[in-house]
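Based on the hints, put chain R in the right spot on chain G.
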Amino acid sequence: MKEFKFIIIGFGTVGRSLAKLVVKKNEQFKKKWGINLKCVAIFEYNGAFVDEINGLDLKTIVDLPPNEFSSSPNWKNGYLANDHLNSIDSNIVVELTKTNIKDAEPAYTYIKTSLLNNRDVVTSNKGPLSLYYPELMKIVSSNNRLFRFEASVGGIIPILGTYKNLLLANKIIAISGILNGTSNYILTKMTLEKIPFDIALKEAQENGYAEADPSLDIQGIDAASKLVILANSILGYESSLSNVKRQGIDKITPEAIELAREERYVIKHVAVARDGKLEVAPKLIPENHTLNISGTKNIIILKTEEAGEIVLSGRGAGGIEAASAVLSDILYICKTRKKEI
Amino acid sequence: MEILNVEMELELVDSPGQLIKILVPIGKFGGNIINIFHIRDRIKNNYVPVILNFDIPDINKLNKIKEKLQEIGIKIIRLERDVGAYKGHVILIGHVFDSDINDTIDEVININIEKIQIRKISALIRDPKKPSSVKFLIQTETEDLMEKAYQKFEEISKHKNLLMIKEL
Numbered sequence: 000m001k002e003f004k005f006i007i008i009g010f011g012t013v014g015r016s017l018a019k020l021v022v023k024k025n026e027q028f029k030k031k032w033g034i035n036l037k038c039v040a041i042f043e044y045n046g047a048f049v050d051e052i053n054g055l056d057l058k059t060i061v062d063l064p065p066n067e068f069s070s071s072p073n074w075k076n077g078y079l080a081n082d083h084l085n086s087i088d089s090n091i092v093v094e095l096t097k098t099n100i101k102d103a104e105p106a107y108t109y110i111k112t113s114l115l116n117n118r119d120v121v122t123s124n125k126g127p128l129s130l131y132y133p134e135l136m137k138i139v140s141s142n143n144r145l146f147r148f149e150a151s152v153g154g155i156i157p158i159l160g161t162y163k164n165l166l167l168a169n170k171i172i173a174i175s176g177i178l179n180g181t182s183n184y185i186l187t188k189m190t191l192e193k194i195p196f197d198i199a200l201k202e203a204q205e206n207g208y209a210e211a212d213p214s215l216d217i218q219g220i221d222a223a224s225k226l227v228i229l230a231n232s233i234l235g236y237e238s239s240l241s242n243v244k245r246q247g248i249d250k251i252t253p254e255a256i257e258l259a260r261e262e263r264y265v266i267k268h269v270a271v272a273r274d275g276k277l278e279v280a281p282k283l284i285p286e287n288h289t290l291n292i293s294g295t296k297n298i299i300i301l302k303t304e305e306a307g308e309i310v311l312s313g314r315g316a317g318g319i320e321a322a323s324a325v326l327s328d329i330l331y332i333c334k335t336r337k338k339e340i
Numbered sequence: 000m001e002i003l004n005v006e007m008e009l010e011l012v013d014s015p016g017q018l019i020k021i022l023v024p025i026g027k028f029g030g031n032i033i034n035i036f037h038i039r040d041r042i043k044n045n046y047v048p049v050i051l052n053f054d055i056p057d058i059n060k061l062n063k064i065k066e067k068l069q070e071i072g073i074k075i076i077r078l079e080r081d082v083g084a085y086k087g088h089v090i091l092i093g094h095v096f097d098s099d100i101n102d103t104i105d106e107v108i109n110i111n112i113e114k115i116q117i118r119k120i121s122a123l124i125r126d127p128k129k130p131s132s133v134k135f136l137i138q139t140e141t142e143d144l145m146e147k148a149y150q151k152f153e154e155i156s157k158h159k160n161l162l163m164i165k166e167l
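Chains as they are written, first to last, in numbering that gives the first Met the number 0: chain G, 0 to 340; chain R, 0 to 167.
I should point out that these hints are in silico values taken from the structure, not numbers from a laboratory. Treat the hints with care, since some could be wrong.
[Claimed, not checked] Straight-line distance between alpha carbons at most 16 Å, and here's what the computed EDC-like set of lysine to aspartate or glutamate pairs gives:
{"hint": "1", "chain 1": "R", "residue 1": "Lys-119", "chain 2": "G", "residue 2": "Glu-2"}
{"hint": "2", "chain 1": "G", "residue 1": "Lys-244", "chain 2": "R", "residue 2": "Glu-153"}
{"hint": "3", "chain 1": "G", "residue 1": "Lys-29", "chain 2": "G", "residue 2": "Glu-2"}
It should be emphasised that the depicted structure is a prediction, and the values quoted were computed from it without experimental measurement.
Excised from the complex, chain G in its bound form (with noise of 0.2 Å):
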């Protein structure tokens, strides 16, 4: 049996649900993959819960509301991760921070101190990756350390696994698709009610697809950030979300929906990455486009050299799905690493 220590960072829906999986899912696997996960510290805002001994009960920890944290024994009020994450022992550190897309912190220092102290990294974060995805790749590679982030990109859609591990032989030229849902329900909502954006926005928040301050969805900032992502990880580029050219729904009009479908379009919030060039815009699609998917589903297409368009298609991220998609990179590590052994 292999122990593998890890660290949580940022203890939100995402973080929390992935506590619940381990729960759920350590003794599976203990049994089937000799793993046995052991969760040392979570680090909040304003403190942390920190068993390096024996491991966190993680069982109490998951449904302790914020005002509670202090009921634990393991609590320890203001004990941050800026002060105290390099100082406990561990294998693997998973940020699970909001994203900051302006300068992408802390998450960024998080991620470059552990990986320079030696801890593969797991994290759902945008912010580092489509800010500073290069510079924190060569710290991967000189410090011979693991960092994944399927989370990051495409809500469910397991697209860089997929890449890594199936389609290594192909050469891809080209990506597209439908990277947010937010923008892609609103799109969706006026396009078949035939309704204003601010009242399909309105819709979108009342239903809970859209942020108080959905900016980064409806500029695109949000879709620009994962295509920078695959951009880098699939195609080799070494861009940086300034270099996306980009475009917002905010300005569709009814009338130009109803444009469009008379000539048998639908106008849908695209991601390209081709030739270089990196671009999230509305663009016109024919109705019977493999892109035209609906509601808060992502699509992606790749184009091959070899084996021409692989699309991979699922719903946008949940707290349960993008724990999963963390979970299953954080078992990635330990299975890699215990081969090492």
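Same frame as chain G, now just chain R:
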């Protein structure tokens, strides 16, 4: 999609069975007849001018039709084809009319006035004070010129603060 629209004026002997002679090669090479006009008020020396309007998949097939017609002794008086082959749509959203739509069109077709055309413009305006949505059908002779037309639309949109949506 590459489809040429052709207008061809021919002279035919004014007697029964002549028209079929020209329709056969057009059909054989994939031509799709849209209109046929006999200009009977211009009959001269027993020859009647005939104007044919048809679509043809590409220029090579049009050349083959011309060769075949000449081979069977048909005189082609006039041949006009639209610039072309490549068609694409662009939708502009914003104050498209207030920001001088004529100027927008001129700038695009002036890239190459012989080989780029704006074939159709459609607009939907629900409220004159609000942004309008306008669709343009562009036709060019080459793919490269279509790309240039798209680029020009993009430049203009940036300059006039319009949202441009083009085909993927």
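(request) Provide an ascending list of the numbers of those earlier hints which the structure does not satisfy. (result) Failing hint: just 1.
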